[in-house]
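Undergrad: Given the structure of chain H, go ahead and fit chain Y onto it with the hints provided.
Chain by chain, the residues run as shown.
Number of protein chains: 2
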Amino acid sequence: MLVSQVETPALIVDLDSLEENLCLFKEQAEKTGIAMRPHFKSNKCPAIVHKQIEYGAKGITCSKVEEAEDLIDCGIKDVLIANQIVDKGKIASVATLAGRCHLGVCVDNAKNIDDLEAAAAVQDNIIYCLVEFEIGMNRCGVTTKEELYDLAAKITAYPHLRFEGIQAYAGHLSHEEDFEKRQSASDEVEKKLTEAKEYVESKGIKVKEVSGSSTGTVFFRPKGSVYTELQAGSYVFMDVAYGKLKLPFKHSLFVLSTVISTENNKIIVDAGRKSAASDQALPIFLEYPDIPAKVSEEHTAIPKENRDVLVGDRLHLIPGHCCTTVNIHDSLYLVRKGEIVDRVAISSRGKSR
Amino acid sequence: MLVSQVETPALIVDLDSLEENLCLFKEQAEKTGIAMRPHFKSNKCPAIVHKQIEYGAKGITCSKVEEAEDLIDCGIKDVLIANQIVDKGKIASVATLAGRCHLGVCVDNAKNIDDLEAAAAVQDNIIYCLVEFEIGMNRCGVTTKEELYDLAAKITAYPHLRFEGIQAYAGHLSHEEDFEKRQSASDEVEKKLTEAKEYVESKGIKVKEVSGSSTGTVFFRPKGSVYTELQAGSYVFMDVAYGKLKLPFKHSLFVLSTVISTENNKIIVDAGRKSAASDQALPIFLEYPDIPAKVSEEHTAIPKENRDVLVGDRLHLIPGHCCTTVNIHDSLYLVRKGEIVDRVAISSRGKSR
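Sequences listed follow chains H and Y, in order.
Here the first sequence is numbered in full-length UniProt numbering, starting from 1 and rising by one per residue.
Here the second sequence is numbered in full-length UniProt numbering, starting from 1 and rising by one per residue.
You can trust all of the hints, since none of them are fake.
Remember, identical chains collapse to one label, so a pair may be satisfied in a single copy or spanning two.
PhoX-like, lysine-lysine: derived pairs with alpha carbons at most 25 Å apart:
| no. | residue 1 | residue 2 |
| --- | --- | --- |
| 1 | K58 | K206 |
| 2 | K26 | K58 |
| 3 | K192 | K206 |
| 4 | K111 | K88 |
| 5 | K294 | K244 |
| 6 | K88 | K266 |
| 7 | K181 | K294 |
| 8 | K181 | K246 |
| 9 | K145 | K304 |
| 10 | K191 | K206 |
| 11 | K111 | K145 |
| 12 | K88 | K304 |
| 13 | K266 | K111 |
| 14 | K31 | K51 |
Treat the hints as calculated values from the structure; they're not laboratory data.
None of these values were measured; they are calculated from a predicted model.
Chain H extracted, bound-state conformation (with noise of 0.2 Å):
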C-alpha cells in the first residue's frame, strides 16, 4: 500500500532515514568504545528495539516498570529502568521481572534499597541496583560521593542486589541550543563523575557502569569517557525541539496529515496536540518548515497565501516532541521510499506506570 492511501492522522517512520540514525549512533558508540543503552521512552516500539539491538546496542533504558515488563516479554535480556521504584507493588514487580533478565534499577535512598532487597530475597532473584547521581539536572539522585559511596556500600553488603554502578542523566543539558555551552557544561559533567568514580573506587567498590547521555550530549562523549554506556533515546526519531540543535540525526518520525479547510486564507489538516506532541516545541510541516503553525487539539494551520494546495491533499508534520507524540499513538506505519513496509504496535504507549 502506498502511504498516500493510508487515513489521517497516521504516524509515519521513513525506514532510510531511521537506519542512518542506528548507523550513525553505531559508529560513535564504536569510535568512542562506549556502549550504546537507548532509551525507550522516545519510541515505546519493540520492533524499533530489534533494530537498535541489530544495530548493536547492549541492552535497553526505560523508565516504567510496565515498560520493562513489556520489553522483556519481547526478548530483551538486559534492561535498565532508569528510576526509583517504591511502591510495594512495583517492587514485587521488579524482584519478578529479575528472574527473566539483567535488570537494573536505580536508587537515591538507603530505605529503598532495603524494600529492593527484602523482595528480591523473597524470590531468589538478582537485581542490579545503580545509584543515581544528580549532576546539575535538579531532579532525583544524590549530591556527594560520600553519600553516592554510602549507598553503593550498601548495596554491596547485600546478598540479592549487585551494585552495578552510577546513573548520571544530565536531562538539564539536552536541548541547550548553544553548542559551546553545551560543550563545557558537558566537559563539566564527566569531571564531576570521573571524581565521585574515583572516590569510590578508592575506597574498594568497583564502579562497573556509569549510565547516562542524551540525543543532544551524545557527540561529546569523548574516548575513554567516564560514561560506559549511552541513553539516547530521540536519535531514531528527531523532532523540531531537537532539530533545532543542528545535530546530524535525520528526521524520521512525521504525522501524516489531510487538509481539510482552505477558507480564510488558510490551510487546515486534521491533525494536532492530540497527534502530534507540542510539549516541547510547537510541530511543523516538512513541506513548510519556515511557517510558524497554529495548533489546537485536532487542527494545525498555516496561512494559505499563494500556495497551491487544495482540500484532500497530504502533508507531513514533524512532531514537537517525539517522545509524548508515540505514547499517542496505539501503531506506526513502517515506511520505504513512499511505500508501507509494515504496520508495527506502539506496545508501550501509556505504560506509565
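TA: Leaving out everything else, chain Y in the frame of chain H:
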C-alpha cells in the same frame, strides 16, 4: 478498594464534584432553554457520556469519525461530528453511521457537499449538515452570510442531506481570562450570528440549530440566545487552564501520583507530561496549588522546604489540560469519598481519525 491502594500514575474522577458540574450545566440549560450537546473530546469516555445524557443532554458533539463510531456503538442516538470530513473512505463511514443514528457533520465548501450526497445516496441514508461559520477563531468555516446561504441552499437541494443549521464555535474566547472581554466578545458573536441566521431565513431557508459555545462562555448565553445547543466539554472535569477563569465548575479529574524521591530539597513524584498533559498549562498539585511545579516526561517536582512529605506518599495532580490528558490514559477510576466505585474505559482515547 481505596484510592490509596491504586498503583500510580492513575487517572481518577471524583464523582461528587463531577455530578455538581453536571447539575450546574443542566440548571443553566433549563434557565436559558438552550439544549446541551456536550463535547466528547474532553472525556472520550462513554461512562461519562451516559451520565451527561442522564443529566439532560440531548446529544453529543465529537471531532472525529472514529469517536462518532464509538459513541454510536455505546447507544448514543444523536451525534454531531463538528468537523469537515473530506477523505473518501471517511465520508463512506459517515454515510454508514448515518443509518444508525441522527448524525450531523460540518461543511464549509461546495465540493464536500457533493461528496457527502453521493456517499449518502449509495447507502440511501440521511446526513444532517451544519454549515460552519467563522466567528473570530480564524480556523475553518465561511465568513459571510452570502456564502452561508449558498451552502445552505446547496444542501437543501439534495435528497440525502438535510440542512440542520450553523456550527459556530468561538474557540478563541474559551480561555480569555478577562471577564469583561469574554462577555463583550460573546455578545459580538451573538450579534453576528443573529444577522447571519436572519439573512438565511429571509431567503426562505429555516435555520433549525445554531451549535457552539464552550466551558468558558456557557454562562454568557442569555435566555433567547441565537444558540440552540451548547457544546461545552471541559466543564465535567476542569483543569488548570480553565481554573484561571474562576468559573463555578469544580476540579473533578486528577492524576494520582507517588513521591519517589525527596533528595535535593525536592518533592518528586512518578507522573509527568506523559500522565498529565501540559500543552495549555502546567499541572499543579491539589495539595500545593500555589507552588509552580517543574515537569518532565515522567516526573513532577516542587521544592520540599519544610513540607512534611515522605517517599511513598500520594499526591494529586490537576492536569494542565483535561482533553489531552484523557487522550493518554486507557481508563479512569470513578471515586466516591475515597473509595473506588468503578474503573471505566476511555474507549475513544487516541481516536483521531
